[in-house]
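Residue numbers (this note's numbering), protein chains in the order written: chain V, 1 to 379; chain B, 380 to 689.
Hint data in this document are derived by calculation from the structure and do not stem from the laboratory.
No experiment lies behind these values; they were computed from the predicted model shown.
Don't take each hint at face value.
[Claimed, not checked] Incomplete in silico selection of chain B near chain V, CB under 10 Å:
hint, residue
1, L428
2, D451
3, I458
4, V463
5, A464
6, Y482
7, D504
8, F505
9, K506
10, Y508
11, K512
12, L513
13, G526
[Claimed, not checked] Computed list of lysine-lysine pairs in DSS-like fashion (alpha-carbon distance at most 25 Å, straight line):
hint, chain 1, residue 1, chain 2, residue 2
14, V, K286, V, K258
15, V, K223, B, K587
16, B, K530, B, K550
17, B, K608, B, K662
18, V, K62, V, K126
19, V, K223, B, K662
20, V, K51, V, K62
21, V, K17, B, K646
22, V, K11, B, K506
23, B, K530, V, K223
24, B, K636, B, K667
25, B, K511, V, K17
26, B, K506, V, K17
27, B, K662, B, K638
28, B, K646, B, K660
29, B, K532, V, K11
30, B, K487, V, K11
31, B, K636, B, K660
32, V, K116, V, K126
33, B, K487, B, K511
34, B, K503, V, K11
35, B, K636, B, K662
36, B, K662, B, K685
37, B, K685, B, K587
38, B, K643, B, K659
39, B, K490, V, K11
40, B, K435, V, K285
Don't be surprised by glycine CBs; every beta carbon is placed ideally from N, CA and C.
Here is how the chains run, residue by residue.
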Amino acid sequence: MFTHIFCNRLKCLLRDKENIFWTMVFPVLLAIFFYLALSNIQQGEVFQSIKIAVVDNAEYQKAEHLKTALNEAATGKSKLFDLTHAAREEAEQLLEQDKVAAYLFVEGGRPKLAVKKSGIRQSIVKSFLDSYQQTAASVNSILKNKPRDPQQLLNSIGDRRQYVVEVSGTAAEPDSVLIYFYSLIAMACFYGGFLGMREITDIEANISPLAARINVSPVHKLKAFLSSMSASVLIHLAEMFILLLFLRYVLRVDFGSKSVYVVITTITGSLTGLSFGAFISALVKKSEGIKIAILVGGTMTGSFLSGMMYLEMKYIVSQHVPLLAYINPVNLLTDAFYSLYYYDTMSRYLLNIGILGFFIVFFCACTYFIIRRRKYASL
Amino acid sequence: MIVRVKNLVKRYGELLALDHLSFTVNDGEVFGLLGPNGSGKTTAINCILSLLEYDKGEVEIFGRPMRPDAYDIKREIGIVMQNVAVYNELTVYENIDYFCGLYVEDKKLRKRLVEEAINFVGLKDFKGYYPKKLSGGLLRRLNIACGIAHKPKLIILDEPTVAVDPQSRYKILEGILELNRLGATVIYTSHYMEEVEQICSRIMIIDKGRAIATGTKDELKAMITLGEKITVESQHITPGQLNRLRALPHVMEAEYKNKQLVIKSGKGANNLEAVLDFIKKEKIQYGKIYSELPTLNDVFLEITGKQLRD
Ligand SMILES: Nc1ncnc2c1ncn2[C@@H]1O[C@H](COP(=O)(O)OP(=O)(O)OP(=O)(O)O)[C@@H](O)[C@H]1O
Ligand SMILES: [Mg+2]
Numbered sequence: 001m002f003t004h005i006f007c008n009r010l011k012c013l014l015r016d017k018e019n020i021f022w023t024m025v026f027p028v029l030l031a032i033f034f035y036l037a038l039s040n041i042q043q044g045e046v047f048q049s050i051k052i053a054v055v056d057n058a059e060y061q062k063a064e065h066l067k068t069a070l071n072e073a074a075t076g077k078s079k080l081f082d083l084t085h086a087a088r089e090e091a092e093q094l095l096e097q098d099k100v101a102a103y104l105f106v107e108g109g110r111p112k113l114a115v116k117k118s119g120i121r122q123s124i125v126k127s128f129l130d131s132y133q134q135t136a137a138s139v140n141s142i143l144k145n146k147p148r149d150p151q152q153l154l155n156s157i158g159d160r161r162q163y164v165v166e167v168s169g170t171a172a173e174p175d176s177v178l179i180y181f182y183s184l185i186a187m188a189c190f191y192g193g194f195l196g197m198r199e200i201t202d203i204e205a206n207i208s209p210l211a212a213r214i215n216v217s218p219v220h221k222l223k224a225f226l227s228s229m230s231a232s233v234l235i236h237l238a239e240m241f242i243l244l245l246f247l248r249y250v251l252r253v254d255f256g257s258k259s260v261y262v263v264i265t266t267i268t269g270s271l272t273g274l275s276f277g278a279f280i281s282a283l284v285k286k287s288e289g290i291k292i293a294i295l296v297g298g299t300m301t302g303s304f305l306s307g308m309m310y311l312e313m314k315y316i317v318s319q320h321v322p323l324l325a326y327i328n329p330v331n332l333l334t335d336a337f338y339s340l341y342y343y344d345t346m347s348r349y350l351l352n353i354g355i356l357g358f359f360i361v362f363f364c365a366c367t368y369f370i371i372r373r374r375k376y377a378s379l
Numbered sequence: 380m381i382v383r384v385k386n387l388v389k390r391y392g393e394l395l396a397l398d399h400l401s402f403t404v405n406d407g408e409v410f411g412l413l414g415p416n417g418s419g420k421t422t423a424i425n426c427i428l429s430l431l432e433y434d435k436g437e438v439e440i441f442g443r444p445m446r447p448d449a450y451d452i453k454r455e456i457g458i459v460m461q462n463v464a465v466y467n468e469l470t471v472y473e474n475i476d477y478f479c480g481l482y483v484e485d486k487k488l489r490k491r492l493v494e495e496a497i498n499f500v501g502l503k504d505f506k507g508y509y510p511k512k513l514s515g516g517l518l519r520r521l522n523i524a525c526g527i528a529h530k531p532k533l534i535i536l537d538e539p540t541v542a543v544d545p546q547s548r549y550k551i552l553e554g555i556l557e558l559n560r561l562g563a564t565v566i567y568t569s570h571y572m573e574e575v576e577q578i579c580s581r582i583m584i585i586d587k588g589r590a591i592a593t594g595t596k597d598e599l600k601a602m603i604t605l606g607e608k609i610t611v612e613s614q615h616i617t618p619g620q621l622n623r624l625r626a627l628p629h630v631m632e633a634e635y636k637n638k639q640l641v642i643k644s645g646k647g648a649n650n651l652e653a654v655l656d657f658i659k660k661e662k663i664q665y666g667k668i669y670s671e672l673p674t675l676n677d678v679f680l681e682i683t684g685k686q687l688r689d
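Extracted from the complex, chain B is given alone in its bound form (with noise of 0.2 Å):
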């Protein structure tokens, strides 16, 4: 067990940002906390942190209880903030020079640890450049740099890749999987479902400061009656072809808008060839038709009525 967290209540004022949260990340993890905006990952990463007081709650990591002392526990964790930190005096290199010493003292190591960090954010063009000259993205990359140059057990990223195009994106994504494989532990929140799903061995979804699935992308897949969206791009279809359709076993839902056909049916083998059979019966002519499974989004908008991003 690398992090638990067992009812953690914050509150700012009127407004109750994390809800009773609970949940454990295992040795290996890369651990995904996937919700809208203002649905408190980051309130809830600084308080695992000791940044924030709560009202009520307990952290541990590691097996210790976190707590603003605890420099032991801190010195194996790496933090990549939401909002960009860095020295604007100091050059590319100085500042994940200077993040980095403040774990590790070492001149020498500190020197590998540096390099390595900056061709892992592919910043190797722009060691000597001030923060101010950097773009969006790569002022990004340095930050995530900054946080993960002294090799931690644990990571934890804030949301690393908003405004980064999406080459770098995938390169960090990559990199993140790739310090997964080397053996350390990672949180990682995100508004994106895309994201979340392709790197995250466990996903936990908030929403209002409450944990409302905790699953593998699978599981949490399985929890849901979705099973399978099957679109039809058609010119015509009268309202009775469309409530037959909605007789159809499996078919929980249809929606004829924009000249497509959405049928929503439950779990189970054989959807598209029942829906298939249904036109050809019908004699429906149609454009395309194609087949999705659900996303997170559709787990999202089914446990709590409304869509991940608005």
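Next up, chain V with everything else stripped away, as it sits in the complex (with noise of 0.2 Å):
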């Protein structure tokens, strides 16, 4: 009996495109969408080093100073620049083929910039000029009137090497992308719900033609449910992973060293869904339009109250309704994304994971007691 109906149940939402559309093209469409549109951002913040030409002469060579900053700022792993020494109208034939943004050259103990047209990467030579040359005017200052104040000096030397790692930092952190593609997981999962709500909705005599079917069948109540949930919970499973693996080798989306926890999380977030979804229908004795109009308004509420749609909101309700936070299971979701990715300690991710699956417990229990031999007062 059970590979009976759950055979054809998954036949069914199988052959069921719209539910197919929404718990699984949609999300990766959305997916695609994020990726084309904060590829963009990441372009911009990852930061790629500026092609500039030094013209190599005797001049340069006897600045020292410079020499020493130019190829400080030439090395190492995510260097500003990227330079070739070269003679004097070898860097102008560079500039002029745009195979550097800039070229430097010293003319009377000074360095100076050749550009071609402004841009970005022209006005990064520039400053990083401005800023040598403020500093070495420092230090020659300071040199001259004694050196009074050791630390001064080495502040101002050392502001242009922040200057470097403040850029480069930018690329090391794509928190940003990672968070909405963890919401999108998170809002695929509660997508769950619709194939939970429907589940019930199909045992439910007063709801459907097709329930009364059910229902003066002799199968056991409960295990039509169970098998045709299995069908369900099968389906979304498989989606989710679908989800997963797009995320990871077609966008190519990094989820960090914890991909085996990333995965538990999406599990552990289709069965809430689903369970949530039952649960809902469940509880509200309601049409069946009713019923997705409080799964969308609770999901809908549960993901802004987590910050899906709004960053900021995540902190303001963890900071003045800390307890809300822990009753939302979508944020206990999102925030067990998060927590993989920025804590280094488990805590705190097990105790998000530990409530979900207090939160499927609780889901799926409500729903037995309430479905267990239901009469209906009309149907």
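Starting from two chains that each stand alone, build the complex the way the hints lay out.
This is the structure:
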């Protein structure tokens, strides 16, 4: 009997195009959309070294400080410049052919900048040079006036370094991007609510004639429900895996080193979504339309409070009504994802998953007690 | 005794949908539940099946009390609901197979039963169709097949022929009689008196949730005073003639409307002869004369004072 109902349910779910669209195609489309929209931001953030040339002549060789500063800025993993040493004509040619953004040369003991056009890269080179000259000037003046304040000297020199570090630091933190994808996974998990909801409506005789047919058959209602629900669980888990694989291998979203936990979290999330839908459906003894409205409303409110639409909201809630953060399943789920990424210890993650597990049991138990042996006041 | 219903009372808020309804259905019967729209037929069926909570009363099926978890009873029942209930994502064959599979686990047996059901409702050419592609009448036939494929001992059909064309309707009614001949007891609800008259061995007429008469169709017709309805098509009849006609013995009512003289006479022989004699004596010109025996509509009309179908 289990396989009979289970297989038929699978067939129904897979053939239900609307269902497949909302629970699988839509999240994938959203992922692509996020990817396209966010990859622009990311490109802006990831710093690419700027190609510049420097005229390597006698004067340049004499400017020891500049040489050191430039070499410093042109080494390391997240270096600011890609430096080419060249003769004057050569450098001119490189600039002409857009092979470099700018070239530097030393004239009368002072570094000078040659550019063809103005742009972000050119202004970065310019500000580097300004910052160097300022430092050089202060070093000179301090040296002239005897170094009374060595700390100041160090600070001024440090400026330049910081400048480089700041720029490259952004590239190493793609957090804003990941948060969107985590929210997307959480949302897709809660879309499982529609599947869970339909499972209940399909055994509630007062909602659908089909359910009446199941109710008059000799199959134990709970058995029918569980067989059918298993199909929904399988379908939704499969859909979530497809989404994860798509994110990981097609869009190349990097979930960090804890991929296994991302999978565990997704499974937990999927089960929460499914059982939440079933619970709402069993609890609300109204028409299917009203049930859907309440499910969507509930999920949206949960998403909003967890900061899915407005990131600040998450912090506002955790500051002013911390309890709300712990009873909002959507928040628990997104927070589980965040804590995977942000914290090295697992305690916060495990707390989130633990509470979610409790919710799953709670939703299932309530659903069971509500639907058990229910006769209807009106059909 | 297949079904026994005792003092069933069902309220929807203020509305009294079933008012102390009692009846029994015997083994091998085709039991008809006849009543106008909203008389409580579907409500009665749903209460019998334990789908609906009722305020009072008892329901026994196969001699055992019916309850939501009486699975052994449910196993022997086949239901065709008034509302079509099939999966849109499953084909005709798959739908019947699915519902049959809720009763019959043996795959081989089930395959045979499903094929039989498909032939029974004449959907052989539509096996692979999805319900959305079926016409209203074909959909009804699928609905019937889903309910009876497992060959139950008791078959309950709630207005199964709504929106079905006369030909298919005839086939369905014949099929129901065939199932009955093969041993099934049938409960059939309808507001079409012709259908009920045609196939039911016993009929209960209900109105506003109350049983107003129960019996075979002849018994029901015998309950009322009307014996015969004689219609005479005539161009002209004077009020005097009409009065003299009304004075005749056995004539209960005589009306002249739209060039038709309708005479309702009581039980007894020679009613038509008496009317013919009268027409000859009065030298009334006439076109056609015909006589009809009372219908269930007449029974309903006489008991409740209103037409069965309005
Ligand atoms: N869910 C409900 N809530 C309130 N009233 C209802 C409900 N279902 C039916 N009724 C009322 O109960 C009465 C009996 O309805 P029921 O559906 O049993 O009639 P029926 O004889 O099956 O009619 P039909 O021939 O139209 O199918 C009607 O007056 C109807 O309006
Ligand atoms: Mg009805």
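Now the hints, each set against the structure:
1. L428: Hint on L428(B): holds, closest Cβ of chain V at ~5 Å, below 10 Å.
2. D451: Holds: closest Cβ of chain V sits about 7 Å from D451(B), inside 10 Å.
3. I458: Nearest chain V Cβ about 5 Å off; hint holds.
4. V463: Holds - the Cβ of V463(B) comes within 10 Å of chain V, reaching about 7 Å at its closest.
5. A464: A464(B) check passes; min Cβ-Cβ to chain V is 4 Å, inside 10 Å.
6. Y482: OK, holds: Y482(B) within 10 Å of chain V, min 6 Å.
7. D504: violated, 22 Å
8. F505: violated, 18 Å
9. K506: violated, 16 Å
10. Y508: violated, 14 Å
11. K512: violated, 14 Å
12. L513: violated, 16 Å
13. G526: For G526(B), the interface hint holds, since the closest Cβ of chain V sits about 8 Å away, which is under 10 Å.
14. K286(V) x K258(V): violated, 42 Å
15. K223(V) x K587(B): Answer violated: K223(V) to K587(B) is near 38 Å, above 25 Å.
16. K530(B) x K550(B): holds, 18 Å
17. K608(B) x K662(B): holds, 21 Å
18. K62(V) x K126(V): holds, 21 Å
19. K223(V) x K662(B): Not satisfied, since the Cα-Cα distance of roughly 79 Å exceeds 25 Å.
20. K51(V) x K62(V): holds, 23 Å
21. K17(V) x K646(B): violated, 65 Å
22. K11(V) x K506(B): With a Cα-Cα distance of about 17 Å, the restraint between K11(V) and K506(B) holds, given a limit of 25 Å.
23. K530(B) x K223(V): holds, 23 Å
24. K636(B) x K667(B): OK: K636(B) and K667(B) at ~15 Å, within 25 Å.
25. K511(B) x K17(V): holds, 14 Å
26. K506(B) x K17(V): holds, 22 Å
27. K662(B) x K638(B): holds, 16 Å
28. K646(B) x K660(B): Holds: K646(B) and K660(B) sit about 23 Å apart, inside 25 Å.
29. K532(B) x K11(V): violated, 31 Å
30. K487(B) x K11(V): The given pair, whose Cα atoms are some 21 Å apart, holds under the 25 Å limit.
31. K636(B) x K660(B): Roughly 22 Å between the alpha carbons, so the hint for K636(B) and K660(B) holds.
32. K116(V) x K126(V): holds, 13 Å
33. K487(B) x K511(B): violated, 28 Å
34. K503(B) x K11(V): holds, 22 Å
35. K636(B) x K662(B): Holds - the C-alpha atoms of K662(B) and K636(B) are around 19 Å apart, at most 25 Å.
36. K662(B) x K685(B): Given pair K662(B), K685(B) is violated - Cα atoms ~35 Å apart, limit 25 Å.
37. K685(B) x K587(B): Given pair K685(B), K587(B) holds - Cα atoms ~12 Å apart, limit 25 Å.
38. K643(B) x K659(B): Between K643(B) and K659(B) the Cα gap is close to 19 Å, so the pair holds against 25 Å.
39. K490(B) x K11(V): holds, 19 Å
40. K435(B) x K285(V): holds, 23 Å
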